[in-house]
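Visitor: If you want the building blocks of each chain, they are given just below.
Number of protein chains: 2
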Amino acid sequence: MTPAPTKVVRWDATARRFDPAKMQKVGLFETPRFFLDLYCLEAGQQQKAHAHAESDKVYLVVEGEGAFRVGEETVRLGVGEGVLAAPGEVHGIENDSGERLVVLTFMSPPPS
Amino acid sequence: MTPAPTKVVRWDATARRFDPAKMQKVGLFETPRFFLDLYCLEAGQQQKAHAHAESDKVYLVVEGEGAFRVGEETVRLGVGEGVLAAPGEVHGIENDSGERLVVLTFMSPPPS
Chain A
30 MTPAPTKVVR WDATARRFDP AKMQKVGLFE TPRFFLDLYC LEAGQQQKAH
80 AHAESDKVYL VVEGEGAFRV GEETVRLGVG EGVLAAPGEV HGIENDSGER
130 LVVLTFMSPP PS
Chain B
30 MTPAPTKVVR WDATARRFDP AKMQKVGLFE TPRFFLDLYC LEAGQQQKAH
80 AHAESDKVYL VVEGEGAFRV GEETVRLGVG EGVLAAPGEV HGIENDSGER
130 LVVLTFMSPP PS
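So the sequence lines, in the order shown, correspond to chains A and B. Position 30, counted from 1, in the first sequence is what our numbering calls 59; the numbers after and before it change by one each time, with no gaps. Position 39, counted from 1, in the second sequence is what our numbering calls 68; the numbers after and before it change by one each time, with no gaps.
One or more of the hints may lead you astray.
Note that identical chains are pooled: a pair holds if it fits in a single copy or bridges any two copies.
What the hints assert, rightly or not - The calculated EDC-like cross-link candidates involving lysine to aspartate or glutamate, where the alpha carbons are at most 20 Å apart (straight line), are:
no.: 1; residue 1: K36; residue 2: E71
no.: 2; residue 1: K86; residue 2: D66
no.: 3; residue 1: K36; residue 2: E110
no.: 4; residue 1: K51; residue 2: E101
no.: 5; residue 1: K54; residue 2: E101
Hints were generated in silico from the structure; no laboratory data involved.
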């Protein structure tokens, strides 16, 4: 049997995709255990606050800055910072900066 | 009950830790579902090839470049690139560059 090709992805500028209509999700990896996406938000765009009963979600900022809600708190995060939303914690993103915001997003387990 | 403080981490230069003796692992998050570490390799250091029967592992390069083995393949990855090792696939890192290498490393589920 031929081995499956190695799963290499890019999450740099060439991988990013923006849409004036809404935040874009670029899928990088997905398995039964997790997904990894690149969330791309134009200035003013958001991911509406929501919660997952069973999953952790991690946001890691790779470009720009924005307001991240986790539970009852909202924190401002920039490049090189990240935050964890535990199962059941409400979380969301508001790109209230004047620039683009790009976020590596892990979720484990992925939605079923 | 006071809400738990929001779990914010840094994975920028301030979070990195190097040791001439061996690769350093800086823990960022750990839950029953995953861990996220920052692996910091001086020039010439490595993470020896190994496998996990049940877990996915993702390497994302955030500084420098190096050789990443996944299964029977070895790929060169630089900043903005990443690779997935599926359960059972041998994987490891060789920093064969002349510079430091920093890798966000996600594993799901974490070792039991």
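Visitor: Each hint needs a verdict: does it hold in this structure or not?
Guide: Okay, the hints, checked on the actual structure:
no. : hint         : result
1   : K36 <-> E71  : neither (28 Å within a copy, 25 Å between copies)
2   : K86 <-> D66  : both (11 Å within a copy, 15 Å between copies)
3   : K36 <-> E110 : between (26 Å within a copy, 11 Å between copies)
4   : K51 <-> E101 : neither (25 Å within a copy, 40 Å between copies)
5   : K54 <-> E101 : neither (25 Å within a copy, 31 Å between copies)
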